[in-house]
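Sequences listed follow chains A and B, in order. Under the working numbering, think of the first position of the first sequence as 114, with each following residue one higher. Under the working numbering, think of the first position of the second sequence as 114, with each following residue one higher.
Treat the hints with care, since some could be wrong.
The list makes no distinction among identical chains, and a pair is therefore deemed to hold if it is satisfied within one copy or across any two copies.
[What the hints assert, rightly or not] For lysine-lysine, the following DSS-like pairs were computed, each having C-alpha atoms within a straight-line distance of at most 30 Å:
1) Lys-418 / Lys-678
2) Lys-559 / Lys-250
3) Lys-340 / Lys-501
4) Lys-261 / Lys-511
5) Lys-395 / Lys-505
6) Lys-379 / Lys-559
7) Lys-379 / Lys-395
8) Lys-520 / Lys-347
9) Lys-254 / Lys-395
10) Lys-559 / Lys-254
11) Lys-617 / Lys-340
12) Lys-617 / Lys-261
13) Lys-352 / Lys-555
14) Lys-555 / Lys-501
15) Lys-254 / Lys-520
16) Lys-395 / Lys-501
Hints were generated in silico from the structure; no laboratory data involved. Keep in mind the model is a prediction, meaning the values are calculated, not measured.
There are 2 protein chains.
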Amino acid sequence: MSETGQQNAAAAAAAAAGEEKSKKALNRELKKQQKEEKKKAFKQPGDGQQKPQQPKEEIVTSGENFGKLTLNQSQERPGRTFTRVADLNPSLEGQEVLLFARVHVSRAQGNKLVFISLRDALSTVQAVLLMSDFITKSMLKFAAGITKESIVEVKGKVVKTTAPIESCTQKDVEIAVLSLFIVSEALHLPLQIEDLARPTEVFERQRQDVAAIEQKLQDLSLSEEVKKGLEEDKSKANKFAEVLQDTRLNNRVLDLRVPANQAIFKLQSAVGMLFREYLLNKNFIEIHSPKMISSASESGASVFKLGYFDTHAYLAQSPQFYKQMAICADMERVFEIGPVFRAENSLTHRHLTEFVGLDIEMAFREHYHEVLDELDNLMTSIFEGLEKRFAKEIESVKAQYGFEPFKYTRPSPRFTFDQAAAMLKAIGEEVVDNDISTAQEKKLGKIIKESHGVDFYIIDKFYATARPFYTMRDPANPLLANAYDLFMRGEEICSGAQRIHDAKMLEENAISHGINVASIQDYIDAFKYGASPHAGGGVGLERVVMLYLGIGNIRKTSMFPRDPKRLTP
Amino acid sequence: MSETGQQNAAAAAAAAAGEEKSKKALNRELKKQQKEEKKKAFKQPGDGQQKPQQPKEEIVTSGENFGKLTLNQSQERPGRTFTRVADLNPSLEGQEVLLFARVHVSRAQGNKLVFISLRDALSTVQAVLLMSDFITKSMLKFAAGITKESIVEVKGKVVKTTAPIESCTQKDVEIAVLSLFIVSEALHLPLQIEDLARPTEVFERQRQDVAAIEQKLQDLSLSEEVKKGLEEDKSKANKFAEVLQDTRLNNRVLDLRVPANQAIFKLQSAVGMLFREYLLNKNFIEIHSPKMISSASESGASVFKLGYFDTHAYLAQSPQFYKQMAICADMERVFEIGPVFRAENSLTHRHLTEFVGLDIEMAFREHYHEVLDELDNLMTSIFEGLEKRFAKEIESVKAQYGFEPFKYTRPSPRFTFDQAAAMLKAIGEEVVDNDISTAQEKKLGKIIKESHGVDFYIIDKFYATARPFYTMRDPANPLLANAYDLFMRGEEICSGAQRIHDAKMLEENAISHGINVASIQDYIDAFKYGASPHAGGGVGLERVVMLYLGIGNIRKTSMFPRDPKRLTP
Numbered sequence: 114m115s116e117t118g119q120q121n122a123a124a125a126a127a128a129a130a131g132e133e134k135s136k137k138a139l140n141r142e143l144k145k146q147q148k149e150e151k152k153k154a155f156k157q158p159g160d161g162q163q164k165p166q167q168p169k170e171e172i173v174t175s176g177e178n179f180g181k182l183t184l185n186q187s188q189e190r191p192g193r194t195f196t197r198v199a200d201l202n203p204s205l206e207g208q209e210v211l212l213f214a215r216v217h218v219s220r221a222q223g224n225k226l227v228f229i230s231l232r233d234a235l236s237t238v239q240a241v242l243l244m245s246d247f248i249t250k251s252m253l254k255f256a257a258g259i260t261k262e263s264i265v266e267v268k269g270k271v272v273k274t275t276a277p278i279e280s281c282t283q284k285d286v287e288i289a290v291l292s293l294f295i296v297s298e299a300l301h302l303p304l305q306i307e308d309l310a311r312p313t314e315v316f317e318r319q320r321q322d323v324a325a326i327e328q329k330l331q332d333l334s335l336s337e338e339v340k341k342g343l344e345e346d347k348s349k350a351n352k353f354a355e356v357l358q359d360t361r362l363n364n365r366v367l368d369l370r371v372p373a374n375q376a377i378f379k380l381q382s383a384v385g386m387l388f389r390e391y392l393l394n395k396n397f398i399e400i401h402s403p404k405m406i407s408s409a410s411e412s413g414a415s416v417f418k419l420g421y422f423d424t425h426a427y428l429a430q431s432p433q434f435y436k437q438m439a440i441c442a443d444m445e446r447v448f449e450i451g452p453v454f455r456a457e458n459s460l461t462h463r464h465l466t467e468f469v470g471l472d473i474e475m476a477f478r479e480h481y482h483e484v485l486d487e488l489d490n491l492m493t494s495i496f497e498g499l500e501k502r503f504a505k506e507i508e509s510v511k512a513q514y515g516f517e518p519f520k521y522t523r524p525s526p527r528f529t530f531d532q533a534a535a536m537l538k539a540i541g542e543e544v545v546d547n548d549i550s551t552a553q554e555k556k557l558g559k560i561i562k563e564s565h566g567v568d569f570y571i572i573d574k575f576y577a578t579a580r581p582f583y584t585m586r587d588p589a590n591p592l593l594a595n596a597y598d599l600f601m602r603g604e605e606i607c608s609g610a611q612r613i614h615d616a617k618m619l620e621e622n623a624i625s626h627g628i629n630v631a632s633i634q635d636y637i638d639a640f641k642y643g644a645s646p647h648a649g650g651g652v653g654l655e656r657v658v659m660l661y662l663g664i665g666n667i668r669k670t671s672m673f674p675r676d677p678k679r680l681t682p
Numbered sequence: 114m115s116e117t118g119q120q121n122a123a124a125a126a127a128a129a130a131g132e133e134k135s136k137k138a139l140n141r142e143l144k145k146q147q148k149e150e151k152k153k154a155f156k157q158p159g160d161g162q163q164k165p166q167q168p169k170e171e172i173v174t175s176g177e178n179f180g181k182l183t184l185n186q187s188q189e190r191p192g193r194t195f196t197r198v199a200d201l202n203p204s205l206e207g208q209e210v211l212l213f214a215r216v217h218v219s220r221a222q223g224n225k226l227v228f229i230s231l232r233d234a235l236s237t238v239q240a241v242l243l244m245s246d247f248i249t250k251s252m253l254k255f256a257a258g259i260t261k262e263s264i265v266e267v268k269g270k271v272v273k274t275t276a277p278i279e280s281c282t283q284k285d286v287e288i289a290v291l292s293l294f295i296v297s298e299a300l301h302l303p304l305q306i307e308d309l310a311r312p313t314e315v316f317e318r319q320r321q322d323v324a325a326i327e328q329k330l331q332d333l334s335l336s337e338e339v340k341k342g343l344e345e346d347k348s349k350a351n352k353f354a355e356v357l358q359d360t361r362l363n364n365r366v367l368d369l370r371v372p373a374n375q376a377i378f379k380l381q382s383a384v385g386m387l388f389r390e391y392l393l394n395k396n397f398i399e400i401h402s403p404k405m406i407s408s409a410s411e412s413g414a415s416v417f418k419l420g421y422f423d424t425h426a427y428l429a430q431s432p433q434f435y436k437q438m439a440i441c442a443d444m445e446r447v448f449e450i451g452p453v454f455r456a457e458n459s460l461t462h463r464h465l466t467e468f469v470g471l472d473i474e475m476a477f478r479e480h481y482h483e484v485l486d487e488l489d490n491l492m493t494s495i496f497e498g499l500e501k502r503f504a505k506e507i508e509s510v511k512a513q514y515g516f517e518p519f520k521y522t523r524p525s526p527r528f529t530f531d532q533a534a535a536m537l538k539a540i541g542e543e544v545v546d547n548d549i550s551t552a553q554e555k556k557l558g559k560i561i562k563e564s565h566g567v568d569f570y571i572i573d574k575f576y577a578t579a580r581p582f583y584t585m586r587d588p589a590n591p592l593l594a595n596a597y598d599l600f601m602r603g604e605e606i607c608s609g610a611q612r613i614h615d616a617k618m619l620e621e622n623a624i625s626h627g628i629n630v631a632s633i634q635d636y637i638d639a640f641k642y643g644a645s646p647h648a649g650g651g652v653g654l655e656r657v658v659m660l661y662l663g664i665g666n667i668r669k670t671s672m673f674p675r676d677p678k679r680l681t682p
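Generate coordinates for the entire structure from the input sequences, incorporating the hints supplied.
Below, the structure written as structure tokens:
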């Protein structure tokens, strides 16, 4: 973590202590002295509502205005007001505030000054302890010794900074500490938050630097001395070790504290909120379908099996059958947000064995495009909502991961499968069995980004062979289905279709797909007593967040991801 | 279903057809004749955008303005506007509307008049077909023969009724049919919607009537003739067979079409919406925790086990550990809405093996009552929201089930466990092992309803022995815990507490509870690197809806319920 920007406070401290003079102009020094005087005017804190604890076995210094608080068992409720770090701003200048935050970094400068960077979710602020009547030597020692990630209660005065503090998100203000108590002390960390938070860009630059040096080292004519110099440069360039994905996940609670991750899960929450907001406004109702089911859902493969009293059950691979049954039960327009389970033994950047499905199903009157239009509008409303209401979180993710802003139009471009296949053929890609491969999807995404300038688009009219038995065929061409996929940055995030709403056709199709009709009898029966034409789709929440943010691994957008090799934490 | 209220239209029809004269005053007849003239002025419908299908093997009459539509495979999208039955009102008088609805009942009166009750979710409207130039004999026959629950597209004119139609929810308007097409034909029903929708009150009255007759039959001095008469009365009184819960659930898709059930699931959706609305406004974020976990969650009992590739996993009994880990990861305030799995082999009115948990967890600064206050305010906000925004749905449920309106105050009354136990002792109930039984909870609910006039209240400071190992103890009395339950109508709907946020204390408590610490190491480790004091709770969605509506069985508020004996549909 950079420590520039702490210089003004440090200089002020040096001036006050009569140490080596700052090189800045006199008027600046004057200002600082005035500030010091203000600081001296601070009253000794003495609300003493929670007495510091002085454990016998630990060598923890404590005093009236510092120490370790007794474990909070809700002893008292004085009703004090706490200020969030994010809410600190220059208008609070001179006011006393109470903060509740983590010690991000604590650093002594000389023996009269300690800087603590306090972190609270996405925000950090610099707290300064300068020796004075009430900031004692013991207190400074105590402050400098607080372990990183400990949670503290800090009382202090808001001070406007004379130069922006580059190392904190709160650049215009800092906190002149009056009291400092530990609420919860952290053990020494297995991983440093700074390492977890380091921008991927740093590693990219590092890789480039190292590669450039290695390139130079290829030169056989180099003298031993030059070689040695280059080897030293190389090891210097290679200064940061990247924390591997698995290590991050093994220490997920620490990893999640990183601002980019705080933001990712705020954005995940936002996508859910925007999804529901849109649909509730359109008279959808939210349903909850069972996850334990008696037969292997829509496809026999890739299903988790569990014991269920004297029998067994399966975990639902999607709410497909149930949301359709809700339509048959006149719910008309339904959505569900819930876990979806897939026992696929594939370790890819975009598969999880458990993910959150955002599902919709909707009766229509004339044409399934009524539903596809809603899906399109729903997704672009989500993108718009993120952009407009969560810019700060998007910036936080960008600061670590860096990505191209997500582009879309309203409505989105829509292509038939045949049109998409033609675009691929035009660049020499062969589409086999009327199915576009994952690699080809990526290429298609690039073509469409270039031609239409968007990261979001729809492909309609897939071939029936590529779709499940309950998919309605195109009325004009029975090889095609009324089926569509939605794509973000060249990856599928939603698959959907018009469904068969005729029990007889559904049963025939199930049989022709080799499905045991008896095992899905309840589902088929649901269509026997009058059913509306309907269509729907299922969106993967983690994929939407991953692709919106251009992050390359779905494990980064699942709070506690599950894959064939990971079941903890 | 009552057929009163159809009389005005029927009379109109009779008048027009020159049949038996209505007994009403002449001016009323005149009005009807004018209406008839209006009707005759209707143009023959001829948009013909979807041609009727005339299958060879079926004897289905069809014509220009009636018949069975071809299966909708999204052939066309003419973009016609449909009107919801709920939106029909007298201001639309004379206008032509297009409806998409179910045939609730179809009934011929004489051979020139057919009444169809059209149902669309909670609403019904009467459609009238009276023989005319374009309402042919064939069309009337076709209309009268449509099976119940078939979905139809009806074009017609809105006509104000002269007397309210008691058999429909739309009492002030009816539809003079111009065209009638079947979209999806229902097979003959295994259960009648009327039977499924019959008010419980009817059965209560029936039971009383039967009991009264049986009482009379006890009289040994009765003559054989009187006895016979009473037996006949009894069998007459016993006219409605109640559809059993299991039969309902076996035919859930039909059962759900009943207006009260439509309303119940609209209200379930509403509770979720109000829950989130409140929490998002209070800066909570929504999280999604894994449901497949590596060890048996917080308690070893009652857990479902599944195969997980080469190993096995369990289904989460609650998101407890994960929501706490989110707090340790600085999420500060989190909620989750998701399935919760309990392998408890108990068949009661309030247990399911899978239900929807509404969970919250929140860091606090001083006292866990900060969280309890939020929980209280959250719940009463939900009650208020239901009352204010979903009165129509509440009425629909009431019409079938009948219940006392739910009473609450803001804030809610709050009692300690000891106070609650004392209230029970005062009525002679003995509280054993510092634990209140389910039956005693019910009694307590009645006491509090009488004394405080509310159906919602909180009990705080349960004994530690009754709570899980991760519960924080009361600082003043270690026998007590900082733990609370929320109650609705004498039944628990939420259990919560301050949690232990100190890794060492947590580990010690786990050990003293006989828990294998290694199996929950990730959870315990989460508290080692600084953790905020926090508290939370888990609310059962189905229980909230059940108890708010005073419905006696949780299977009625779960769309597709799961219990030890039910895994389908």
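For this session: Could you check the structure against the hints above and give me the numbers of any it violates, in ascending order?
Result: 2, 3, 8, 9, 10, 11, 13 and 15
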